Structures are given as C-alpha cells and as structure tokens.
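*Asks:* Protein chains in written order, with our numbering: chain A, 72 to 413; chain B, 72 to 413.
Incorrect hints may appear among the rest.
It does not matter which identical chain is meant; a pair holds if it fits inside one copy or across any two.
Stated by the list, open to error - In the DSS-like style, the derived pairs of lysine-lysine whose C-alpha atoms are separated by at most 27 Å in a straight line are:
id	residue 1	residue 2
1	334	313
2	323	334
3	313	337
4	318	156
5	317	367
6	367	334
7	156	179
8	337	264
9	264	94
10	317	264
11	334	318
12	334	264
13	318	398
14	94	156
15	318	97
16	97	367
No lab work stands behind these hints: they were computed from the structure. A quick note: this is a predicted structure, and the numbers were derived from the prediction, not measured.
Number of protein chains: 2
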Amino acid sequence: MGGDFAPQNVVAGAADALRTHGKITKLYLVGNQQRIEAELRQLGFTDPRLHIEHASEVIEMDDPPVQAVRRKKDSSMCRAIDVVKRGDADAIVSAGNTGALLTAAHLKLRTLEGVDRPGLACLIPSPENVFVLMDAGANLEPHPSNLVQYAVMGSRYSQQILGYQRPRVAVLSIGTEEMKGNELTLEAHRLLKQTDLNFVGNIDGHDLFAGTADVIITDAFVGNAVLKAAESAVRVVGRWLKDEIKKNRIRKLGAMLAGGAFKALKEKADPDTYGGAVLLGINGICIKAHGASSPKAIKNAIRISTEFVEGHFNEHIVADIRKLNAKLQQIPASQSPFETAH
Amino acid sequence: MGGDFAPQNVVAGAADALRTHGKITKLYLVGNQQRIEAELRQLGFTDPRLHIEHASEVIEMDDPPVQAVRRKKDSSMCRAIDVVKRGDADAIVSAGNTGALLTAAHLKLRTLEGVDRPGLACLIPSPENVFVLMDAGANLEPHPSNLVQYAVMGSRYSQQILGYQRPRVAVLSIGTEEMKGNELTLEAHRLLKQTDLNFVGNIDGHDLFAGTADVIITDAFVGNAVLKAAESAVRVVGRWLKDEIKKNRIRKLGAMLAGGAFKALKEKADPDTYGGAVLLGINGICIKAHGASSPKAIKNAIRISTEFVEGHFNEHIVADIRKLNAKLQQIPASQSPFETAH
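Take these sequences, add in the hints, and give me the full structure.
*Replies:* What follows is the structure, given as structure tokens:
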C-alpha cells in the first residue's frame, strides 16, 4: 500500500510477475483486501498462487520510520514482513517508505549470522558496467568493519545476480590515493587490502560512473548524497538544455531529429530495469522498489527476488561473512593515529 | 608553477587582469623567473605593477600536501603565500595542488580571529541561482560548530561577492526533514536554527541544483564527493548521448542543428566564470583556481580576489564570527542523544 501508485502498480506488477515467472509458488499481496480485489478485477487477473493478506493500516511516505513501525503494527509493510518472518514467504518487495522498510526488516527479520549491520545495495547503470553502490541508505554512522562486510555482500551480489566473475571493489573517497579520505574510509581501506576481495583501492566522485569498479562502498550519508546529487545534476542539465532548445526553431527541429538518441539513453538508464535496491544482511530478501515504481519495476523487483532465493544468496553471505570475520580477527588494530589528508 | 598549464596560462591570465583591472597596484608572479620572463616576452607584455618573485621549487599536483609544504620551502606556492604573509600582497591565486595550498595557507597565514577552521567555498551555477557550497575540501572531520562558522562565512560571501541580500542557508543532508541526518548535520542544524542567519533547514542531494538555497553547508568529504559525482554524471550522460547520436545520420543532423543549445549551456555552466574556490577564514585572501584553468579563469580569480580586498571581506568575517561565537555560547548543549533517523 506504500509508494506513489499503490495498490494499482504493485498489483499490476505482481500479476505480470506471476504470468512470466513460473517458479513463483506463492505470491502474497498484503494490504487493503477490498482495494486489492478491485485492482485484480480491473485487470481480470486470477491465479491460484495469489494470496491476499489483509492489513488495515498504511505507513505513509512521510511517516517518521521508527515510530511508524512501532505504532502501525497492522500496516501492509509490517504485515508483509511478518509473512516472511513466519516462513511463508522468502522475500518482500515494497515501494513504500524507505526508512520504515529498512527499520522493520532489520527489527523483525534480524541480521544474518555474523553480519553486524545490514546495508542497502543499489544497482547503477554506467556506460561501462552496472555497479553496486552500498550502503545507499541503511547505516548513517557505520564502523569501518561494517564497510568491509558491505564489500563482501556487495561482491556476492555483483557476482551472483549480475554475473561479474571477480567484481572489482572500491571505497568511495575524495581521491584515488591511499592516504586520502576520512577516518572511516582510511580504516576501511586498510582492512579491505587484507581481505580476499578483488579490492582496487579508492575512487572519487569523478570515477563514480567511469566503470573502474563494480562494487562501490560508502556510508549511507555519502551514498545517499552522491546518488541524489548525480540525479539532480543530470535532471538540471536536461532541463537547461530543453530551455535552450526551445529558444530557436532550428534547434527545435534538430532536437526532434536527434530525439531517438535521447530516448535510447533514457531506456539504458531506466531504473525500472533493476526494480530496486536490496537490503543485504538480513534473514530474508528485502527489495525496496522506488516510490514511483511502474508495474514493470515491481515485476523486475519480484524477478530479482526470485534470483536471490534460487541462488541461496543468504547462505552464501553467511559463509562469506564467516570467512571474513575470521580474517578480520587476525588483522592487528591500526597502529598509527589516522592521518586525514586532503 | 602549479596546475596543468603553468606558467603560460597563469602569466597570460595575470596580464589580462592587469589590463582590465585598474585597481590592482601590484601583481607578483611567483615561480621560475626565466620561464615567467619567457612567457611575458612571448605575450609582449610589460607593466610597471608586475613583479617577479623567483622560486626554485614546484609542488607537483600529486605531491602529498603536508610533506610538500614542509619540504619545498622555496616552492612557488609557499613563496607566494609568504608574499601575503609579509604584507606585500593581499591575496594569492593558485592553480596548483589543492591540498598543499590549503595546508600552506592555513599554516602560514593562520585563521582569522574567532575562526576555528578555515573552509573552502565553491561557487556553483544552477538554473535558478549561483550558490556557495562550503566546505568543498578543507576540513574532513569537522565539528558541528565549524559548519555553523562556514554558514556565516558562506553567507557573507554570497552577500558581498554575489549580491544576494539575504542568502538562504541550508545544510546538505539525506532528506529535508529536521530529524534526518547524521550526528554532524543534526547538531549543526540545531545550532543554525538559533543564529541570525536566513537558515532554511535541510536539503538533500535532489535539491542541490534546484535553487532552494544560496549557501549549502557540508563537510569536506561530502562536499567533494557530491560535486565530483554531479560532474561525473553529467559528463557520462553527455558521452552516452553522443554515442547514441553517432549511431544514426538523422540524429547527427539533428544534433548539428540543435548544437547552439549545447554551446549556450556550456557557456552558462562554465566554471571559468568564477575563477575558483576561495579558502575562507584565514588572514588573507586565498583563491584556488582549478588545475586546468584557462587564462580567463585566472583573470577572473584575480578579479574576484580584488573584490574581496576592496570590500574588506575579512574584517566583516571577524565581526560576523565574533557575533556568532557570542550567540553560540548562550546555546545550551544538546540534551538528548543524537537520533539518527533514516
């Protein structure tokens, strides 16, 4: 029931997912039963695998996350996570309030064995590759070892879902040199160098879309800020360009002729292809589709959730993290005080 | 002698500045005397206000900042700051190693009375306004009160150099709501609310270029990351678009016809217009022109430095900061532990 187009886009996307993914054995639609049934009637869709789980409340997009999760126990979001918790479903997909989803999933499903903090992993298309950016929103004050665990989980994600054989892992910093960064990134860098990951060092914002890394590690504050800033910059330049084009007939004609290029670009960078961001490190699969998700985005989010389940993703994570933690215990604490250089 | 096109672009820009700005009484070119003289001969430029100050060393772009400043005492950068320190010049302009410049200027010129840490202020053009982003690179682990001082200095910059009457100040966070942010931004927000600044609250990356604030406050890590990420995203989308256009003759023709729009946009967003970033909070005016500065960028950086000097900028800062510090002392410490919400 969350997101900008609920329940219609969610129901339509779920119906599409059932039509195309034969491997789904059960799909729960959690929310206002009457409204869900109305949407299904509208679509003329029935499927024996479909179950409606009624929930009387809705967590709104601007509800404060922690309070909302505590107070709205019968919300569609909390109830959907309950379905996973009781073992009737393997994954939850939601287009609702991000903070509430991360909070509820973390609280109710708990972290996987060995994982200290879950992290949100985003897939970003660049001209050269599709990279994982993590953490994109879960952990605002992480410890360096959290970032190292994110690197392990992000690598597994890149490998298993995107098919990169040996994903290149980088820390997002303020320069490529090893001694550049803040306390958090300098220590994460030091630890990552000693893991078995394919760690390629620091990158900075300039390299974000340059295809130099397949897994980019950062804290949630920076992750959130860079993704939004990049989106904002592209949007503003696009609008600026439109204004300039409108000033002159010949430019307008030109833009019309070149229109196919703009359209092709939009498709390539279409966030709906990947369905959403994934909260990694919890007992269950939790996918956050963006608030304005189309039916296609919901369908793809459901498809990706099936890939996680089929690939026994979380079992691999537990094994990877166990190996990592054993390794980290052997690494001596940093000797010198952190040097934070420009 | 620093930057990608030294000394030719620096010398050419300085010559242009002397030609157009009658108020400059002395201009020192600090660096390799022979090479500077050769450039001047090439330009056929002489001016009695021009002084060459020889320096035998150069801080390279990839030198580690702190060591470089300590070891290369006869570098053009250190010598140029010495000219300001001994009172023969009011301002330094450099296209060299950013970290070294910030370190040397901070160490040699010291902070202004009442200022705890200097901060780097950048001017960014958006469709709606030109905004100040601060700190863009000086202070990687700031205290919340540093951010509040940056807000005061950034406001004065916006007011005095850009002419905004009552600049709107915002904190860059991960959402506009007051309770969103990390420890640093939550506390800075709390303090800023109680100042006399025109504080408009939090913005997030989406609003960065939306014209909702004239002074945007952040720590150097985030400031560096968002600026570079935004630049990178725009560059990548541009390249992607070019590739799509090349695929097809009609698109190529269209792009040619619409070319004026692309050109107009490039001019609007031209970083050379503003010459560079300014290190605020030190005894002197210190402008960091970007490494690839054109003569025009150097000329504009010099012009802006004259505006700072003419407007007695630093005297205003000292008065503003004195007022702020008196105010901050009256604000009780935060009672509750920080709540870091998604």
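*Asks:* Confirm or reject each hint.
*Replies:* Verification of the hints:
Taking identical chains as interchangeable, the C-alpha atoms of residue 334 and residue 313 lie at most 27 Å apart whether they share a chain (14 Å) or sit on different chains (13 Å). Proximity of residue 323 to residue 334 under the C-alpha cut-off of 27 Å is found in both arrangements, the shortest distances being 16 Å within a copy and 15 Å between copies. Taking the shortest alpha-carbon separations for residue 313 and residue 337, both the intra-copy value of 15 Å and the inter-copy value of 13 Å come in at or below 27 Å. Neither within a single protomer nor between protomers do residue 318 and residue 156 lie at most 27 Å apart by alpha-carbon distance, with minima of 57 Å and 50 Å respectively.
Proximity of residue 317 and residue 367 under a CA criterion of 27 Å is satisfied in neither setting, with 32 Å inside one chain copy and 29 Å between copies. For the identical chains of this complex, residue 367 and residue 334 are intra-copy neighbours only, at 17 Å inside a copy versus 37 Å across copies, given an alpha-carbon limit of 27 Å. For the identical chains of this complex, residue 156 and residue 179 are intra-copy neighbours only, at 7 Å inside a copy versus 61 Å across copies, given an alpha-carbon limit of 27 Å. For the homomeric pair residue 337 and residue 264, neither the shortest alpha-carbon distance inside one copy (37 Å) nor that between copies (41 Å) is at most 27 Å.
Taking identical chains as interchangeable, the C-alpha atoms of residue 264 and residue 94 are never at most 27 Å apart, the minima being 40 Å within one chain and 55 Å between chains. Taking the closest pair of Cα atoms, residue 317 and residue 264 never come within 27 Å of each other, the shortest separation being 52 Å inside a single copy and 41 Å across copies. Proximity of residue 334 to residue 318 under the C-alpha cut-off of 27 Å is found in both arrangements, the shortest distances being 21 Å within a copy and 13 Å between copies. Within a single copy, residue 334 and residue 264 get their C-alpha atoms no closer than 42 Å, and across copies no closer than 44 Å, so neither meets the 27 Å cut-off.
Taking the shortest Cα distances, residue 318 and residue 398 never come within 27 Å of each other, neither inside one copy (62 Å) nor across copies (50 Å). For the homomeric pair residue 94 and residue 156, the shortest alpha-carbon distance inside one copy (21 Å) is at most 27 Å, but the shortest distance between copies (74 Å) is not. Taking the shortest alpha-carbon separations for residue 318 and residue 97, neither the intra-copy value of 55 Å nor the inter-copy value of 44 Å comes in at or below 27 Å. Proximity of residue 97 to residue 367 under the C-alpha cut-off of 27 Å is restricted to the intra-copy arrangement: shortest distance 19 Å within a copy versus 65 Å between copies.
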